[in-house]
Amino acid sequence: MSRLHPVTALTKTLGYAVQWASVPFFLVSILSGAFDVVRIDWVFSLAPVGFLLGAAYGLVEYYRFEYELSEDTFDLASGVFSRRDREIPFRRVQNVDVSRGIVQRLLGLAVVSIETAGGGDTEATLRYVGEGEANWLQREIRRLTAENDEIEADEQEGLEPDPTERPEPATAGTSGDRRPTHLFELDQVELGLLSLTTAKLSASMVVAVVTAFGGDAALGLVLSLARPFGGPAQLAGASPLEYAALALSSALYGAVATYLVGVVYTFVGYYGFRIGEAGDDLVYERGLLQRYSGSIPTEKIQTLSIVENPLQRAIGYAGLRIETAGYGPDGGGNQSAIPLAKRSRVERFVARATGIESGDFDRPPTVARRRYLVRYSVIAAAIVAAAGAAGIVWGLPYWYASALAVLGAPVGAHLRWTNLGYDLREDHLLVREGFWRRRTHVVPYYRLQTVSTRRSVFQRRLGLASLVIDTASSRTFVRGTPTIHDLSLSTARSIHADCRERLEDARRTRAREERALSVAFT
Amino acid sequence: MERLSPRIRPVWLTAAIVQAAVSGGLLVGGAVGLTRATDLADAVGLAESTVVQGAIALAVVLAVVRLALAWLRYSVWRFELREDALYIERGVLTRVKTVVPFVRVQHVDSQRGPVERAVGLATVVVYTAGSRSADVAIPGLRPDRAEDLREELRRLAIESEGEDAV
Chain A
1 MSRLHPVTAL TKTLGYAVQW ASVPFFLVSI LSGAFDVVRI DWVFSLAPVG
51 FLLGAAYGLV EYYRFEYELS EDTFDLASGV FSRRDREIPF RRVQNVDVSR
101 GIVQRLLGLA VVSIETAGGG DTEATLRYVG EGEANWLQRE IRRLTAENDE
151 IEADEQEGLE PDPTERPEPA TAGTSGDRRP THLFELDQVE LGLLSLTTAK
201 LSASMVVAVV TAFGGDAALG LVLSLARPFG GPAQLAGASP LEYAALALSS
251 ALYGAVATYL VGVVYTFVGY YGFRIGEAGD DLVYERGLLQ RYSGSIPTEK
301 IQTLSIVENP LQRAIGYAGL RIETAGYGPD GGGNQSAIPL AKRSRVERFV
351 ARATGIESGD FDRPPTVARR RYLVRYSVIA AAIVAAAGAA GIVWGLPYWY
401 ASALAVLGAP VGAHLRWTNL GYDLREDHLL VREGFWRRRT HVVPYYRLQT
451 VSTRRSVFQR RLGLASLVID TASSRTFVRG TPTIHDLSLS TARSIHADCR
501 ERLEDARRTR AREERALSVA FT
Chain B
1 MERLSPRIRP VWLTAAIVQA AVSGGLLVGG AVGLTRATDL ADAVGLAEST
51 VVQGAIALAV VLAVVRLALA WLRYSVWRFE LREDALYIER GVLTRVKTVV
101 PFVRVQHVDS QRGPVERAVG LATVVVYTAG SRSADVAIPG LRPDRAEDLR
151 EELRRLAIES EGEDAV
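Chains as they are written, first to last, in full-length UniProt numbering: chain A, 1 to 522; chain B, 1 to 166.
For the record, the hints were derived by calculation from the structure and aren't laboratory data.
Treat the hints loosely; a few may be bogus.
[Stated by the list, open to error] Residues from chain A shown here face chain B by an in silico Cβ test under 8 Å; the list is partial: (1) I102; (2) V209; (3) R455.
[To be verified] Chain A is nowhere near these chain B residues, computed Cβ spacing over 10 Å in every case: (4) Q53; (5) W71; (6) A129.
For each residue, glycine too, the CB sits at the ideal point set by N, CA and C.
Pulled out of the complex, with its shape left as it was, chain A reads as follows (with noise of 0.2 Å):
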């Protein structure tokens, strides 16, 4: 069994230690202000023994994590009080990511995870092993796994004599830690335009926080930035007006920071990016300041995603994503194959990968943009009434301005319409949807779980359906599952009788399809 890189030992002696300190501190300066029973003083005598008992804690803990590779398993003993032993047997491992911040890569540490799928988090994490036996540990985890697939591979070929389905013998998965054969990699225009082009909402948060804890220096910021608007002179005591005009232009304000904090921080997580493929694996490394690096076993692969906003799709690019049944850091198994490159270069990576050229979408019933279109005028006259009611209570000015909104209506309506689309293609499901962020899925029948058709009252009535296509892919957001909206009853009923039967022969050409897939790759 290994440890865990010694300076571990010291960051966990540490942290545990301020981390204990800072519970009596905490719990002193509260209760001491509610109770008289409590002194102050008493954090001078409390605080050093948490300290002391959180560094042994933090000691105990390195000394008690040990992890080794067996030749089928990644086995981990780990805890304190409570000893946990976890066998992870490679052939369910999904992805294993190195990475390294800036003062990790300063003392030559780095974290390992490895991926599974099924449970809701990173199955495990060796935080921080040295840099040379994280990459040891990533390549031999590839190797091994792909080792114990082709085992399998075997057995059940071994359970099927069937001769015309067995697949040609493997000749990349046993050189797990051969070079990477190059596939792409993120030029300068590139990255410029992903930062440029990308929104991050995320960085509002950022913004938020960054504003809420500037004090009265972010505060003044605030109120003279909102003054050529029309803005109070101070917070208090001011009039409506001068507030609609404060909101008005720290929204303005928030968006702009928003938008340019998520250029450096897209530009600083994506520089440098490249893929490429070791094996039957893709590995891929991106980051300035903390350095990812990930592979990704080709037949774990679960669906392939083109992603575009409006402006992407107004320069003619795309980015391209991967889904796996793992959990990584970017939210999910959720991978950038390729984060931005001319959206032809995206068609021919996923034309190569999976031989579909191009989409030929079906749209669903116009019937459907009529759907749309009640549903965003309702939204529209909300905002209205909305506006209307704080124009009567509070004395809004120029609320009837919102009833532009209702001419939004239309737009949006058919908008949303024109970006849907589907197509059933021999081994596949392509899926498209939205505008802002238009995804196109790549879905191979093989790999459906469970397919849905869903009627909500209003779709009943107009005869529509919604059939939700369910993947392993954990991204579990609501707009993660793929989903053919507002279909007529009659294509749904038909594609999902369709899904299945693909999906019962996809899977007996299974073996020969995946060979096909990892083939395609190199």
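Could you slot chain B onto chain A? The hints should help.
Here is chain B on its own, set in the frame of chain A:
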């Protein structure tokens, strides 16, 4: 198509009543608290009692809808073991028909919560590797039927090849 045991109806109705009581309590309590603590009612130009009465009316309407949905849910729920898949039909407002191919079944549980034990029912939960795995649960089964179904699903899942179900 197999129906659930009708005994599931009181279970769902009870759950609906509890939920309606909690959400109704929050709604009415919130309205009372808001009108007492702030002058919101005055600002909108309504009497405090009107706001509270409105909240009560809303809570009652929501409770009735909830109960109606719980009542109707039983008549919609159906399931069937087909040749190669488990077929489920459910949902009052949004009707959902789900097909779970046996190949995709990872494991099968039967569960009995305290309320279900009280009325003598059980739930069979079918796990797949899909991201909506928790969706595939068949409630309102008699315990012996639940056991049978679990065994049958297990057998069918194994029969349809023990390959990697991901």
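Results for each hint:
no.	hint	result
1	I102	34 Å, violated
2	V209	28 Å, violated
3	R455	4 Å, holds
4	Q53	19 Å, holds
5	W71	16 Å, holds
6	A129	4 Å, violated
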